[in-house]
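Q: Chain order of the listed sequences is A, B and C.
Taking my numbering, the leading residue of the first sequence gets 1, the next gets one more, and so forth.
Taking my numbering, the leading residue of the second sequence gets 105, the next gets one more, and so forth.
Taking my numbering, the leading residue of the third sequence gets 185, the next gets one more, and so forth.
If you're looking for bench data, these hints aren't it; they were derived computationally from the structure.
Just so you know, these numbers come straight off a predicted model, no measurement behind them.
Heads up, a few of these hints could be off.
Selected chain C positions facing chain A (Cβ under 7 Å, derived; list incomplete) [stated by the list, open to error]:
| no. | residue |
| --- | --- |
| 1 | GLU308 |
| 2 | TRP325 |
| 3 | LEU335 |
| 4 | ILE336 |
| 5 | LEU346 |
| 6 | ALA574 |
| 7 | SER580 |
| 8 | ALA581 |
| 9 | ALA585 |
We put the beta carbon where it would ideally sit given N, CA and C, even for glycine.
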Amino acid sequence: MIPLVYYLAGAIALYVIGMYCLASKRNMIRLVIGIEILMNAAHLTFIAFSAYRTAGYIDPLGHAIVIMSIVFAGCVTAVALTIVTYAYRHYGTLDVRKLRRLKG
Amino acid sequence: MRIDWVRVAGITIVVSAVLIFSMLVVRSEFPAFDHVEPVEIETTEFLWTYRLIDMIAQAFVLFVAAACCVAMLRVKEKKK
Amino acid sequence: MVGWVAYRKAYRKILGVYAALGLSVTAYFLYELYKEVAEKGIVLIVGQLPFNPPLGACLEIDMLSVFMAFLYTIAGLFAAVYSIKYMERDTGLTQYYTLLLGLIAGMTGVVFAGDFFTLFVFWELMCLTSYVLVAFRKQRWEPIEAGFKYLIMSAAGSATILLAMSFLYGMTGTVNFAGLAASLNNATPDGWLYVTLTLIIVGFGIKAAIVPFHTWLPDAHSAAPSPISAVLSGVMVQTGAYALIRILLLVFGSMQPMWQMPLAVFAVFTMFGGNIMALLQNDLKRLLAFSTIAQMGYIIFGLSMASLSGLTGSLFHIMNHAVMKGLLFLCAGSFVHQAKTRDLRKLRGIRKTMPLTSMFFAIGALAIAAIPPLNGFWSEWMIVTAGIEAEMIPFSALMLANMIFSVVYYIRVIRMIFVEKPTAVSKKATEAPASMLIPTFVLACLCIIIGIYPGPFIIIASRAAEAALNLLAYIGSML
Numbered sequence: 001m002i003p004l005v006y007y008l009a010g011a012i013a014l015y016v017i018g019m020y021c022l023a024s025k026r027n028m029i030r031l032v033i034g035i036e037i038l039m040n041a042a043h044l045t046f047i048a049f050s051a052y053r054t055a056g057y058i059d060p061l062g063h064a065i066v067i068m069s070i071v072f073a074g075c076v077t078a079v080a081l082t083i084v085t086y087a088y089r090h091y092g093t094l095d096v097r098k099l100r101r102l103k104g
Numbered sequence: 105m106r107i108d109w110v111r112v113a114g115i116t117i118v119v120s121a122v123l124i125f126s127m128l129v130v131r132s133e134f135p136a137f138d139h140v141e142p143v144e145i146e147t148t149e150f151l152w153t154y155r156l157i158d159m160i161a162q163a164f165v166l167f168v169a170a171a172c173c174v175a176m177l178r179v180k181e182k183k184k
Numbered sequence: 185m186v187g188w189v190a191y192r193k194a195y196r197k198i199l200g201v202y203a204a205l206g207l208s209v210t211a212y213f214l215y216e217l218y219k220e221v222a223e224k225g226i227v228l229i230v231g232q233l234p235f236n237p238p239l240g241a242c243l244e245i246d247m248l249s250v251f252m253a254f255l256y257t258i259a260g261l262f263a264a265v266y267s268i269k270y271m272e273r274d275t276g277l278t279q280y281y282t283l284l285l286g287l288i289a290g291m292t293g294v295v296f297a298g299d300f301f302t303l304f305v306f307w308e309l310m311c312l313t314s315y316v317l318v319a320f321r322k323q324r325w326e327p328i329e330a331g332f333k334y335l336i337m338s339a340a341g342s343a344t345i346l347l348a349m350s351f352l353y354g355m356t357g358t359v360n361f362a363g364l365a366a367s368l369n370n371a372t373p374d375g376w377l378y379v380t381l382t383l384i385i386v387g388f389g390i391k392a393a394i395v396p397f398h399t400w401l402p403d404a405h406s407a408a409p410s411p412i413s414a415v416l417s418g419v420m421v422q423t424g425a426y427a428l429i430r431i432l433l434l435v436f437g438s439m440q441p442m443w444q445m446p447l448a449v450f451a452v453f454t455m456f457g458g459n460i461m462a463l464l465q466n467d468l469k470r471l472l473a474f475s476t477i478a479q480m481g482y483i484i485f486g487l488s489m490a491s492l493s494g495l496t497g498s499l500f501h502i503m504n505h506a507v508m509k510g511l512l513f514l515c516a517g518s519f520v521h522q523a524k525t526r527d528l529r530k531l532r533g534i535r536k537t538m539p540l541t542s543m544f545f546a547i548g549a550l551a552i553a554a555i556p557p558l559n560g561f562w563s564e565w566m567i568v569t570a571g572i573e574a575e576m577i578p579f580s581a582l583m584l585a586n587m588i589f590s591v592v593y594y595i596r597v598i599r600m601i602f603v604e605k606p607t608a609v610s611k612k613a614t615e616a617p618a619s620m621l622i623p624t625f626v627l628a629c630l631c632i633i634i635g636i637y638p639g640p641f642i643i644i645a646s647r648a649a650e651a652a653l654n655l656l657a658y659i660g661s662m663l
């Protein structure tokens, strides 16, 4: 098996990419995708750890957590997309930089 | 073609951050399972053998998420 | 104890059943209150099945949990009674009450969680319901914009929490709090623990309104419907503080010098940020939201001392803040409901036409500004004295300065409501209807009672603090 740290490096890379996506994308739907990427970073680390706990066996706790967490990420995405729908109706655009009416 | 310098700077920072973090991570040894208490294996087995419990919790959250979406997507009835 | 999982969702027609929905919510909460009162003082461990408590103890209830759950239930009860009249012109009320109950259930689940995974499940439940409750009035643009920004930031926070949880799982092989505490007891802080600590403070700090991550709060709290603002601001940000208390004291409990100083610095920034921005506001609910940020700064400061008196002060302030901020937001909601505006300049002199609500608002504002006979004074004073005891003197001095700042802007609000001449808008407002007055009245009475006779409440808070700090008892009873 390849060393554990490569999986962790991949997860950290996903996390940084997710944060970059949240910080710099204009399209609202891309922001929602960025949140998905962030959550997947954590999922990857869970699975990696549950595989490396004892040699030859996987620890089911990590997998159970990931199954639930994927569902929750999906729920958050669903709710986010309903809000994006209404934002599109109000503002006429998907550009998040146009949502600047609340200042201060 | 116009190059947006802010975007170039952003992407450069991100790529370099990813590379630097990856190298730091790969060099350092992660203290994986250094602190394991052997007695905790029971929780794990419990959750895996009684999958129904976390399924119930998951179904509950999913139901509430469905209620959220219905609440957001409701149609306003016009009452005269 | 699985009672909080069940809730009632009524598939009824809209006309004439608002009150029934509200009352069913109320009756359910009264039942909850009874159960909470019957169980106080006991450290309870609830296994998921009747046999074998050590196995899969996913829920764990001790004094701190019961304390916070009691607060949440009371806050939810008042918000539900208040909503009967406030939300009468909105559609989708069945979903509203469902989601409100779901929010309270989520928060209660967070405080009852015995392991990190259960906490995350209920954390997500709480966050999901709050996203939709903030954006509930989707016909106007403001809740949608505020809700979207809130959702993005809070979901990023949840993802950060999940990542921290995965690192803790990797280091110890368990996500049970007692197991984590036992495992990390003798750990020397190395790089990865610092990373995990940073992720936890960032992740929960986004929800608990610590200053660099607080930007969602003013928009979300002013755009949400008022009873939801009261619940969000009064108790939901406290849930973030509760999670920080639990995790920092249990998991990182043996490494206290690691997190005390950075947390105290964050707390001071939070206090300053909240108070200074509140001085500049003209919108009533936004001002209250910034004041929430400042109060959370006080609470986090009390936490950062990690001593019994500091933590007692923090928990007592959480209780006071739930009462006071709930009162203030409900009164502000009365003003908004009657006068249809949130602008302070237009709400001047509204005392003439809404005398009772203005009086309750003044009681709440004076209480938060830490005027002596009311309850805010006792809790903030406890935190300051605990800070002096713990030798964090410059931070305590800064906290005193912040208390003086908060007096300034609250006096400004009270002056605008009481003293000045009424404008045309406030002349048209009539007194709030009865079901909106009753919760505000009860909360105002609570402010006064807790202020004059804080003794028993301080004892309750200190027992909760002991339970939080008592690492060995927690581990011993779980393993």
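Q: Determine for every hint whether it applies to the structure shown.
A: Here's how the hints hold up against the structure:
A least Cβ separation of about 4 Å between C/GLU308 and chain A falls short of the 7 Å threshold, and the interface hint therefore holds. With its C-beta approaching chain A no nearer than about 4 Å, C/TRP325 sits inside the 7 Å limit, and its interface hint holds. Interface hint at C/LEU335: satisfied, since its Cβ lies 5 Å from the closest Cβ of chain A, which is below the 7 Å cut-off. Here the hint on C/ILE336 is kept, as its CB sits about 6 Å from the closest CB of chain A, short of 7 Å.
Interface hint at C/LEU346: satisfied, since its Cβ lies 4 Å from the closest Cβ of chain A, which is below the 7 Å cut-off. Checking C/ALA574 against chain A: minimum C-beta separation of about 35 Å lies over 7 Å; hint violated. Because the closest C-beta pair between C/SER580 and chain A is about 30 Å apart, greater than 7 Å, the hint is violated. Given the 7 Å rule on beta carbons, the hint for C/ALA581 is violated: about 29 Å separates it from the nearest Cβ of chain A.
The beta carbon of C/ALA585 comes no nearer than 23 Å to any beta carbon in chain A, farther than 7 Å, and the hint placing it at the interface is violated.
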